[in-house]
Amino acid sequence: MENNDDFRVKRIKKMLLEMAKGNFFYTLEPSDRNDNIASLVVMLNMVSEEIRAAFIHQGFANAHTTPQCIIQLSLILDDRGQIELVTNGTCSLLSYLPKDLIGKPITEFMTEKSRERWTKKLSKYLKRERSETVLFLEFLTNEGLVLAKDCQLSVYQALDGSGQKILLNTVFFSKGEPFETGLPKKTLKVTKGTKEHKVTLTPKDIQIIRGVHDAIINNLDKDLPSLKELAHQEGTNEYKLKYGFKQVYGTTIFRFLIQERLRMARTLILHSTHTIKQIVQMTGFKSKTHFSRAFKDKYGRSPSELRS
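Each residue of the sequence shown is one higher than the one before, starting from 1 at the first, in UniProt numbering.
Keep in mind that the hints were calculated from the coordinates and are not lab data. Fair warning: there could be bad hints in the mix.
Derived EDC-like pairs (lysine to aspartate or glutamate); straight-line CA-CA distance at most 20 Å [claimed, not checked]: (1) Lys240 <-> Glu229; (2) Lys120 <-> Glu260; (3) Lys113 <-> Asp32; (4) Lys99 <-> Glu112; (5) Lys298 <-> Glu260; (6) Lys296 <-> Asp35; (7) Lys240 <-> Asp205; (8) Lys165 <-> Glu84; (9) Lys14 <-> Glu50; (10) Lys10 <-> Asp35; (11) Lys127 <-> Asp78; (12) Lys149 <-> Asp160; (13) Lys149 <-> Glu229; (14) Lys149 <-> Glu112; (15) Lys296 <-> Glu260; (16) Lys149 <-> Glu49; (17) Lys222 <-> Asp205; (18) Lys286 <-> Asp221.
Could you build all of it, start to finish, from the sequences and the hints given here?
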């Protein structure tokens with residue numbers, strides 16, 4: 001793919017426009033250059049990851065029913081990996097017309113790393129009459145943006161006797177109206193829990209809790225103080241901090257810390273050249289073994305497998 005400075009800047013501009021529309025599922029493919037644009041690409045990918053994970057929590061008044069738009073990427077392929085059918089959502093996500101996709105090999109729209117992964121894994125699953133698996137894939141849009149997601153692959157026999165088919169399917173979430181209003185959209189309400197609130201929070205309490213949230217994100221490499229000490233530092237009490245944080249963000253402070261450390265680690269693995277050892281230190285884990293175990297529990301692959 002073209003990778004001159006003008007094209008790299010155009011991709012950055014396109015991604016910023018998508019983020020402005022509430023679409024935080026795109027990333028930029030890193031290059032082997034070591035210049036200001038390459039640094040900007042890494043930072044922009046990290047910002048997109050931050051916003052993607054955080055936007056669901058915005059707006060305390062409506063925290064229990066945050067609306068999201070669902071965009072589904074679905075394709076049917078033949079046993080050679082050529083596209084036979086696409087949905088409107090797929091075309092919109094990839095910024096191609098159906099005629100530009102149908103009849104083409106799916107690998108034509110993947111990053112080099114995903115093409116290798118696809119070729120290596122697919123022959124294994126096609127040996128079975130029916131099979132299902134999850135495969136992490138990176139797709140390239142028409143503008144050069146990257147869509148990276150775990151995809152469900154289902155291999156089945158066509159009823160018309162035309163042989164094996166492959167259903168590739170995954171879902172992306174958007175904050176706003178992601179594409180033209182003429183395209184089909186579904187909405188999903190995410191519920192934080194049905195129990196009554198344990199504490200009543202004032203605007204000042206919410207501001208304190210959000211400050212703790214931001215402090216955690218900005219200090220992922222540092223040890224977290226005890227809840228009692230943290231509450232004292234922020235001018236509140238342990239009970240209100242503990243249950244107020246869960247009320248606002250839907251999880252405990254400790255689980256949020258681990259979740260953010262792992263998410264940052266995943267971003268660095270995918271979009272930076274730091275070694276795994278450096279990433280372990282940057283994200284505050286005590287040992288590489290602990291980090292690898294927690295990472296695989298969350299993402300289904302070890303850090304080295306994700307980078308390969």
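Hints and how they fare:
Simply put, Lys240 and Glu229 have alpha-carbon atoms about 13 Å apart, close enough for the 20 Å limit, and the pair holds. About 32 Å separates the Cα atoms of Lys120 and Glu260, which puts this hinted pair outside 20 Å; it is violated. Between the alpha carbons of Lys113 and Asp32 the distance comes to roughly 14 Å, so the proposed pair stays at or under 20 Å and holds. With a C-alpha separation of about 23 Å, the suggested pairing of Lys99 with Glu112 is violated against the 20 Å cut-off.
With a CA separation close to 12 Å, the supplied pair Lys298 and Glu260 stays within the 20 Å bound. Only pairs whose Cα atoms come within 20 Å are accepted, and Lys296 paired with Asp35 is rejected, the gap being roughly 32 Å. This hinted pair checks out: Lys240 and Asp205 have alpha carbons roughly 8 Å apart, not beyond 20 Å. Pair hint Lys165 plus Glu84 holds up; C-alpha atoms about 9 Å apart against a cutoff of 20 Å.
Using a Cα cut-off of 20 Å, the hinted pair Lys14 and Glu50 holds, with the two alpha carbons roughly 18 Å apart. Restraint check: the Cα-Cα separation between Lys10 and Asp35 comes to about 16 Å, which is no more than 20 Å; the hinted pair holds. For the given pair, Lys127 sits about 14 Å from Asp78 by alpha-carbon distance, which is consistent with the 20 Å threshold. A hinted pair counts as satisfied when its Cα atoms are at most 20 Å apart, and Lys149 with Asp160 does not qualify at roughly 31 Å.
Distance hint between Lys149 and Glu229 is unfulfilled; the C-alpha atoms sit about 39 Å from each other, more than 20 Å. Note on Lys149 and Glu112: the hinted pairing holds, with a Cα-Cα distance of about 15 Å set against a maximum of 20 Å. Only pairs whose Cα atoms come within 20 Å are accepted, and Lys296 paired with Glu260 is accepted, the gap being roughly 15 Å. The straight-line distance between the Cα atoms of Lys149 and Glu49 is roughly 13 Å, inside the 20 Å bound, and the hint therefore holds.
Note on Lys222 and Asp205: the hinted pairing is violated, with a Cα-Cα distance of about 24 Å set against a maximum of 20 Å. Using a Cα cut-off of 20 Å, the hinted pair Lys286 and Asp221 holds, with the two alpha carbons roughly 10 Å apart.
The structure shown violates the earlier hints numbered 2, 4, 6, 12, 13, 17.
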